[in-house]
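If you want the building blocks of each chain, they are given just below.
Protein chains: 4
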Amino acid sequence: MFFASDNWAGAADPIAESLSRHAKGMSPAYGTSDLDRRLEQRFNELFETDLEVFFVGTGTAANSLALSAVNRPGGFVLCHRDAHLIEDECGAPEFFTSGARLAPVSGDHGRICPRALQKQLRRFDPNFVHHGQPMAVSITQATEVGTVYNVDQLKEISGIVHEHKLPLHMDGARFANALVHLDLTPAEMTWKAGVDVLSFGGTKNGCWCAEAIIFFRPELAKQMPFIRKRAAQLFSKTRFIAAQFHAYLDDDLWLGLARHANAMAARLATGIEKSSQAELAWQNETNEVFVVIEKEHAERLQSAGARFYAWPTPNDSTTDPPEGHGMYRFVTSFCTDPAEIDQFLGLLG
Amino acid sequence: MFFASDNWAGAADPIAESLSRHAKGMSPAYGTSDLDRRLEQRFNELFETDLEVFFVGTGTAANSLALSAVNRPGGFVLCHRDAHLIEDECGAPEFFTSGARLAPVSGDHGRICPRALQKQLRRFDPNFVHHGQPMAVSITQATEVGTVYNVDQLKEISGIVHEHKLPLHMDGARFANALVHLDLTPAEMTWKAGVDVLSFGGTKNGCWCAEAIIFFRPELAKQMPFIRKRAAQLFSKTRFIAAQFHAYLDDDLWLGLARHANAMAARLATGIEKSSQAELAWQNETNEVFVVIEKEHAERLQSAGARFYAWPTPNDSTTDPPEGHGMYRFVTSFCTDPAEIDQFLGLLG
Amino acid sequence: MFFASDNWAGAADPIAESLSRHAKGMSPAYGTSDLDRRLEQRFNELFETDLEVFFVGTGTAANSLALSAVNRPGGFVLCHRDAHLIEDECGAPEFFTSGARLAPVSGDHGRICPRALQKQLRRFDPNFVHHGQPMAVSITQATEVGTVYNVDQLKEISGIVHEHKLPLHMDGARFANALVHLDLTPAEMTWKAGVDVLSFGGTKNGCWCAEAIIFFRPELAKQMPFIRKRAAQLFSKTRFIAAQFHAYLDDDLWLGLARHANAMAARLATGIEKSSQAELAWQNETNEVFVVIEKEHAERLQSAGARFYAWPTPNDSTTDPPEGHGMYRFVTSFCTDPAEIDQFLGLLG
Amino acid sequence: MFFASDNWAGAADPIAESLSRHAKGMSPAYGTSDLDRRLEQRFNELFETDLEVFFVGTGTAANSLALSAVNRPGGFVLCHRDAHLIEDECGAPEFFTSGARLAPVSGDHGRICPRALQKQLRRFDPNFVHHGQPMAVSITQATEVGTVYNVDQLKEISGIVHEHKLPLHMDGARFANALVHLDLTPAEMTWKAGVDVLSFGGTKNGCWCAEAIIFFRPELAKQMPFIRKRAAQLFSKTRFIAAQFHAYLDDDLWLGLARHANAMAARLATGIEKSSQAELAWQNETNEVFVVIEKEHAERLQSAGARFYAWPTPNDSTTDPPEGHGMYRFVTSFCTDPAEIDQFLGLLG
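Chains as they are written, first to last, in our numbering: chain Z, 1 to 349; chain S, 1 to 349; chain C, 1 to 349; chain Y, 1 to 349.
Derived from the structure by calculation, the hints contain no laboratory data. It is possible that part of the hints are untrue.
If chains are identical, the list can't say which one is meant, so a pair holds when it fits in one copy or spans any two.
[To be verified] Result set (EDC-like, lysine to aspartate or glutamate): computed pairs, CA atoms no more than 20 angstroms apart in a straight line:
(1) Lys295 with Glu279
(2) Lys119 with Asp88
(3) Lys119 with Glu323
(4) Lys119 with Asp108
(5) Lys192 with Glu219
(6) Lys165 with Glu219
(7) Lys24 with Asp337
(8) Lys119 with Glu87
(9) Lys222 with Asp50
(10) Lys222 with Asp125
(11) Lys119 with Asp320
(12) Lys24 with Asp13
(13) Lys165 with Asp125
(14) Lys24 with Glu340
(15) Lys274 with Asp342
(16) Lys295 with Glu323
None of the values given here were measured: they were computed from a predicted structure.
Just chain Z, with the same shape it has in the complex:
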C-alpha cells in the first residue's frame, strides 16, 4: 500500500528495456547523437510546432533553468503560494537565477486566482527600481493539490501574463496526468493556450530520470546551451535520457501510464467517498488524493503498512480539518496495483 509519492516507483518496463537495448556501442556524447536528434524532432511533432527542447536530469533543474532563461536583474516570478517552486526546491530557482524572488499568489485548489495575479502585476512601475520587476509567471499543471487548469483557465491566466509582456511558464512535473484528464493534445494544453516555456516531466510517470525544458518561443532559448552546461545538467551519455524518452513516447506509453495512475486515484477517491472514516478534502482530478482522516485512525492505517504522508493545509484553504483530524496526501502511480487500493479501503472501513 504505497501512496507516499509517485517518486517511489521505479521505471516502467519498456523504459528499462530501452535503456538496456541502447547500452551497447559507441555514440557521440553531449546530445549530439542521432538518437538525441531524433528525439528533438519527435518533440516538435508531438507539440505540432517548431520548438527548442533541452533535456535535463531533475525537475528542480527543469524549473530552475527555464526561469534562468528569462531572468532579469531584480526579477521575480509570480507563482501559486503552494507551488512546488516555492515549497520544495530548497531555493534552487533563486540560486540558479542569482537571486530572483518567487512571489506567492493566492488562489483556491492550487490554481492562481486571475484577479490576484492581475492586481499584483499592476503594482509594478517599470521605472521604479526599488520593488524589482516581474520576469515570469509560473503555473503548475497538474497543480500541487491534484487539480488542473482547464483550457479556459489557462487562457485567462496567459492573457493577463502576456498583457504585461511576460512569459508564462508551466511546471509540468505531472503534465501527462493533467493531459489525459483533460483529454487535450499537448499543443492545446500549452502554446495554443498561451504557455511559452514548459517543464515536461517524465520521471514521476515511469522514467528513471528524464525531464525536458521546452521553449515554444525559440528566441527565449538562445543562451540555454550555455545555461544548461554551466548548471551541470549537460550529461555526457545523453542517450540514457533519449532512450528513456523514446520508449516513453512510443505507442503512447506515457498516456497509458498516466491514465492508469489517474484511474487508481479515482478508484481510491470513490472508495473514500463511500467510507464513513474519511472524507475527500476536495475532488481530485489527477493522481493525488487529499483526504481528511481522524489522526488516530490514520496512525493505525500507517501501522498496518499503508505509506502516505500528513500534508499541511494549503495556505488559501478554508477547509481546516476538524479537531483531532488531519489532512493526508495519497499519490498513485503508473505501477499502483488496484489490489493495494482495495486492501487499503478495506482497512479504512
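With chain Z's structure known, arrange chains S, C and Y on it following the hints.
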C-alpha cells in the same frame, strides 16, 4: 575505430542489468532507501574510513559542488592550467561558487608543479583583501593528458596544501584508470596521501550516469545536503544511481573495466611507437594517448572511419608538433575492441 | 513642505564641516587610517562591548552584507512582510546571498508577531532539505511604519530566534529615531536585548552616506573583510565615511538630530489629530506619520506644494481607508522646519 | 613624501566646497534631482554623443557592474593579465556576474597584445559549450603600470573586439591622467576609438567617492537601473556624488588635477634618470613611476619617511630587477607637492 572519448561508450552489461533488476517495486525516494544506505556503507568500506558521500549526476556537478562545500568569499581554487575544471566546465565551478576563481598553476604533463604551487600560495597575505584568498587546491587523477600523480607526488602536493591550511580536492573522473595503473588501494591514493575531497567518477568507466562526491573530513560536508538539493542534483529516484554503483563495485567490476581501457591504450601506444607515421607526444599511463601525426595523414585516417580529435598543445608543453603536424588525442574505454586498435594501426602504417 | 522622505535632506552642518576639515592631506586608504581605527574604537565604546564594525555606503549594502555573513545554502531570512528588505531592495539581499529567500512573517504595526514567527520556525526539520533552512531573523527598528519594538518585545523575539539557534539581525536605518523615542542606550536596544547583527544607519539622520554593519558576536564577522571588498563596498578614501561618523557621534549630534525629526513628526501628528480633514492611520512613535486623507483633498495639498507619497496599506492592516480616501506617508527629518509643518496644517484645515 | 597611492589623497578644494554648498535643503533622492539630471546632460556634452551614465560609489562597482550589463552564461572577459580587474578586486567582477571568468591576455607594459587577443578569441566556437563564451574585452587606460594606449593602439584592439561582435570595456580609473597625456578629447579616447562601455573614475583624481559607468551604446544599458539598485550602488542622497562631479568638471578642474599629477610623476622620473641609485623600470606616461632600487637603499628611504610600495614584477616583464634590487611603485596625485619630490630625490642620491 572509436577513440573520440570514453563518453561515447554506453553502459557495461552488469550495470545495465542492475538497472533493469531494480526497475520494479516501490522504494523511498531522495536517497533514503536501503539500497542508497547500503551504498554509502560500501563506500566507507571501500575507502577504509568514515566518510561522507553524496551522489550526483555529472562530473561537472561533482567538481562544482565539492568546491562549493569549501567556498569562501573572494576565494579561488588553484589547479593545473589545463585542468578540466578550467577548460571544459563552461564556468560551472565559478557559477556554483558564486564567483570563485580558478587560478592556473603550471606543471609538466598535466601535473601541478609543487614549486609553482608553493610560490603562488606564499603570495597571499590573509589580511590583504584585494587579492582574494585561496580556498582549495584541485588536482586531476588521472590528469587531463593521460598521466598520473604517484603517491610521492600526491604527498608532496598535499603537504604544501595543508601547510597553508587548505583542503585538497581530487578530480577523479578517471579515478579507476589511475588506481589500476598505480596498483594502489582507494585509501592509499586518497586520504592516506592527503586528499580531503574526491570527485569519484563512474560515468567514463562504464556507468550511464553515476558520480560521487566523497569527503574524507566529514566536517567539510555539513552543508552538502542543502548544497546538493539547491544545485538540482538530488535525484528523486536515487536508486537508479545506487543500482549502477552497486554493480560497478560488485566483484571489482570497476577495476576490470579500467584495466581493459588502460590495456587498450597501451596496445595503441605500443603500435604507435613502432609506426613510422606517428609519434607519442609523451608516454601515457592510463587510457588517453596523445599522438603527433602529419595533418594530412590524420585526415586520411579520419576519412577511413577512425574517430579521434585534434587536441591543443598543453600550455606548458615544450613539444610543439613540427610544421605540418598536429597533436591528436585517442581515448580508449571499457568497451574498446582490440580489433579496432589493430585495424587502426594497420591504416596508420 | 517636504515630507517625501528623510532621504531628501542633505547633510547636517557639522557633518559637512567635518568632511571639509578632513579633505586635505594624505592618509592610508581602505580603512587603515588612524581616523578609521579611532572610529572603530568609538563604536566599541558607544555599544559598551567588543564588537566588529564594517562601514559601507548604502543601507541596502548594510542589510545585504549582514545577511551574507550568516548565509547558508537554501537558507532564508524571516522578516516582517512589509519590511524594507522585502519591499524596497530590488532583490539585493537575495542577490548578495546568491539566492537566499526572504520569508514574510505577519504582525501588526510593522512588528513581527512572535507567535507567527514561532509557528514558522517550528515548521522546519533540519534534515528535510526540500524546504530549505532558516538562517536568520531580521527586524526593523524603527519599523517601516514609524513604530518601534520596545525592550520587552525585542527580548520576546530574540528569545524565539535564539531558541532556534539563529542570529537576530536588526535593520537600523532609523536606529537613532527609535533609540531616542525609547530613551535607551545603544547597548540596551541591541545586544542586551538579544540582537546579534545591526545595520546602523547614519544617512537618513543627517549624513551624506554613512552606514555601519555591527557584529555583536565577532565570530560571525570572520569573512566580512572579504565579503565587503567583493561586494564593492570597501571605499578607498574611507576617511570620507569616518569623518561623517565622527561628527555624527560628537557631542551626541545624532541623538539631537533624531529628537528633532521625531518632535517634528509629533507636531504633525498632533495637528492631524485636531484636523477634521485627516486622521492618523495609527499612532506614530518616530519620524514617520501615516495619515488617511480624502484623495481629492490630498491632491489639492500636493498641488499647493506639499510633498508626500501615497502609501500602500500594510498587508496585515485592518484599517483600510474608507471609499474615496487614501493612505499617505509623511516623513520628517533632522532639517524639517516647524514652520513647514504649521504651513501644511494650515492648508490641511 | 607620500607616493603610496593616489587613494591616500583626500578631496580637491573645489570638490569639498561643492559638497558643503549642496548640503542644505531638500532634493529628490535616488538620482532624480535636477542636479543629477543636469550632470547626466553634462556627460552627454562632454563626450559629444548620446550616452547612458550611471553613478556608483567605487571603482570596483563601476567595473563589475559594467561587465554585469553585458554578462552571458559561461561568459568570460579577456583582460590584461596584470589588470586591476584580475589582481585587485577580490573576485568582485566574478561575483557580480555570478561566475564570469577573467581570462588573462599577455602584453608588454600593461597593454594587451593584439595578436595574443586575436589568437585567444579565434579559439572559441560559439556552438561548443564546454569552453564557455567570451562576453567582453576590458582594457585599462591608463594601464596598471603607468602607460597608456594611444589612439592607434585603441583602434587596433577595438577592431579585433568588434570583429568578434563583443563589446569593448575601458577601465578608466585613471582616465584623466591618460587623457591629458595623449591630449585627446574624451570622445576621441573612447567611442571614436571603439570603446563601448567606460568606467570613468573621479576618486583617484580628487573626488571623495565618485565613479560613473558610461554606455556609448545605450541599448547595452537597458537593465542597468535594476543592476545598480540590486548591487546596492544606488545611493539615496545622490546629490553627494553629483555635487562632486559638477565641481570636478567645472572649468576643467579634472584636467588640471590630472596634469599636475602627471607633471609630478615626470619630475620624479627625471630625477630618477639622473640618479645613480635608481633606475626607471620603464618610461612612465601618467602618474605612476616604477623604479628599480637596491633593496637596502629602498628600506633606508622608507625609514626616512618616504611612503611607497614594493611591487611585483609584471607577469610579462623581461626586466627582472638584478640581485639585491627590488621593483617599487611611486604614485603621484593631484595634491603632490613638488617639494616632496625634491626632498625624496635628495635622499635618493
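Each hint, compared with the structure:
Within a single copy, Lys295 and Glu279 get their C-alpha atoms as close as 13 angstroms, which meets the 20 angstroms cut-off; across copies the closest is 50 angstroms, which misses it. Taking the shortest alpha-carbon separations for Lys119 and Asp88, only the inter-copy value of 18 angstroms comes in at or below 20 angstroms, while the best intra-copy value is 26 angstroms. For the homomeric pair Lys119 and Glu323, the shortest alpha-carbon distance between copies (18 angstroms) is at most 20 angstroms, but the shortest distance inside one copy (35 angstroms) is not. Proximity of Lys119 and Asp108 under a CA criterion of 20 angstroms is satisfied intra-copy only: 16 angstroms inside one chain copy versus 23 angstroms between copies.
When the C-alpha separation of Lys192 and Glu219 is checked against a cutoff of 20 angstroms, the pair qualifies only within one copy, where the shortest distance is 18 angstroms, while the shortest distance between copies is 32 angstroms. Within a single copy, Lys165 and Glu219 get their C-alpha atoms as close as 15 angstroms, and across copies as close as 19 angstroms, so both meet the 20 angstroms cut-off. Taking the shortest alpha-carbon separations for Lys24 and Asp337, only the inter-copy value of 12 angstroms comes in at or below 20 angstroms, while the best intra-copy value is 33 angstroms. Within a single copy, Lys119 and Glu87 get their C-alpha atoms only as close as 23 angstroms, which misses the 20 angstroms cut-off; across copies the closest is 16 angstroms, which meets it.
Proximity of Lys222 and Asp50 under a CA criterion of 20 angstroms is satisfied intra-copy only: 14 angstroms inside one chain copy versus 29 angstroms between copies. Proximity of Lys222 to Asp125 under the C-alpha cut-off of 20 angstroms is restricted to the inter-copy arrangement: shortest distance 15 angstroms between copies versus 28 angstroms within a copy. In this assembly of identical chains, Lys119 and Asp320 lie within 20 angstroms of each other by CA distance solely across copies; the values are 16 angstroms between and 27 angstroms within a copy. With identical chains, the CA atoms of Lys24 and Asp13 are at most 20 angstroms apart both within one copy (19 angstroms) and between copies (8 angstroms).
Taking the shortest Cα distances, Lys165 and Asp125 sit within 20 angstroms of each other inside one copy (13 angstroms), while across copies they are farther apart (33 angstroms). Proximity of Lys24 to Glu340 under the C-alpha cut-off of 20 angstroms is restricted to the inter-copy arrangement: shortest distance 16 angstroms between copies versus 37 angstroms within a copy. With identical chains, the CA atoms of Lys274 and Asp342 are at most 20 angstroms apart within one copy only, with a shortest distance of 13 angstroms there and 73 angstroms across copies. When the C-alpha separation of Lys295 and Glu323 is checked against a cutoff of 20 angstroms, the pair qualifies only within one copy, where the shortest distance is 9 angstroms, while the shortest distance between copies is 46 angstroms.
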